[in-house]
Amino acid sequence: MLWDWQFAFSILPQILAALKITISATFAGFLLALILGMLFMFLSRSRVQPVSVVVKWLVQFIRNTPLLVQLYFVFYVFPELGVSLSPFTAGVIGLGIHYSTYLSEVFRSGIDAVPKGQWEACRALNFTRSQTWWKIIIPQGIPPVIPVIGNYLISMFKDTPLLSAITLVEILQTAKIIGSGTFRYLESFTIVGVLFFLLSYPASKLVKYMENRWNPRY
Amino acid sequence: MNSLDLFLSLIKNGLATTLSLTFLSAALAFVLGLLSGLARLSRYGILRAVSSVYVEFFRGTSLLVQLFWIYYVLPVLGFRIPSFQAGVLAIGLNFGAYFSEIVRSSILAVPKGQTEACVALNFSPRKRMTRVVFPQALLRMLPSLGNQMIELLKSTSLVSLIALGDLTYRANILNASTFQTTTIYSLLLLLYFLISLPITRGVKLAEQKLSAGRL
Chain X
1 MLWDWQFAFS ILPQILAALK ITISATFAGF LLALILGMLF MFLSRSRVQP VSVVVKWLVQ
61 FIRNTPLLVQ LYFVFYVFPE LGVSLSPFTA GVIGLGIHYS TYLSEVFRSG IDAVPKGQWE
121 ACRALNFTRS QTWWKIIIPQ GIPPVIPVIG NYLISMFKDT PLLSAITLVE ILQTAKIIGS
181 GTFRYLESFT IVGVLFFLLS YPASKLVKYM ENRWNPRY
Chain Y
1001 MNSLDLFLSL IKNGLATTLS LTFLSAALAF VLGLLSGLAR LSRYGILRAV SSVYVEFFRG
1061 TSLLVQLFWI YYVLPVLGFR IPSFQAGVLA IGLNFGAYFS EIVRSSILAV PKGQTEACVA
1121 LNFSPRKRMT RVVFPQALLR MLPSLGNQMI ELLKSTSLVS LIALGDLTYR ANILNASTFQ
1181 TTTIYSLLLL LYFLISLPIT RGVKLAEQKL SAGRL
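These protein sequence lines are chains X and Y, in that order. If you read the first sequence in this note's numbering, its first letter stands for residue 1, the second for the next number, and so on. If you read the second sequence in this note's numbering, its first letter stands for residue 1001, the second for the next number, and so on.
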């Protein structure tokens, strides 16, 4: 038998410890993505034409280029511009920027789905712009797209192994180090795969459940 | 080296690998996605079970982990796979799972009346699928397939991590020897963007072509 249970259990604590880094990178990156996504959504709706055009192109550009290359860009090019970043920070920024472009589209679709009458009612009732957004539009536009946002959180979680390419020692890099030290890749990489599955499969089931519960009309 | 030389050097050394990898893994993903998408709608429980295990497994784990598993672990189990084939296999299997969901949901989205009309007209099940249901489902799939093709192109950059000489790998090598980091990575981003444009355009054209004469 190739699989060595004893070895697998001996490396498990080390991999679980690295899982903390993976998970904190996921959540930090996602927080940044939510904030930037909101910002991109507002800017692309701007009435100042050049702003909205530039933002739309930027979003398109970021969406159509690989996350891995963007991570290299943040990690290797930013220091040349005078900003040195730790691998963790660079990774969080890269993930955050990449996913913000997806989230801005999700927010946009949510906001666009709010009936036009709501805007007109706000105008008729003399609401200010910020009242209109925060009290009327966002509370109706965002909840229906929360499941989609949840799916992007899961995708981002599955993209965190890319941070190993910019020298962050997260779960996959830890497995690789164990593998190259002991020449036993089977156990370490399999454990990583199983952990990803154990975390993301229930999460995606939860998202599906939310989708059915909140949007029964579809 | 000036930027033009760097650009040409990237294209000369890495473009062919990136493009052929994209093309071959997309072909594999299409075949797998079609087969497993149809299998999930099959009458036979065993086909549905096999296909959903495949889909959930490959969607539930990370592509990079799958790639490393194929490249580092399969040789331990006795299957030695060169890096190019490992890349095609990992990306094809991974995206096949995503394509499968697209195929399944588009077929389910074709109105039931179409199937009923085929039954009423005494079409064989095969004819029902190939002549009536699938052509309509294909039109529904196209926008999602187009998005996934862009995702697939982007994910080919991961093979640089198993030392396959694609654009990203060549850029890293070039960076190590010339230190023109800013230029190289900016050009690399631009190059990926340029490759993605014809894909977006092609999907739009296919959509127009297929929807011609339909309501």
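Just so you know, these hints were derived from the structure itself, not from any lab. As the structure is a computational prediction, the values presented were derived from the model and not from experiment. Even glycine gets a Cβ: it sits at the ideal position worked out from N, Cα and C. Warning: the hint list may mix true and false statements.
Stated by the list, open to error - Per the computed footprint, the stretches of chain X lying under chain Y, defined by three or more beta-carbons under 8 Å from a beta-carbon of chain Y, are: (1) 42 to 50; (2) 76 to 83; (3) 103 to 110; (4) 186 to 193.
Legend entry - Hint numbers contradicted by this structure: 1, 3
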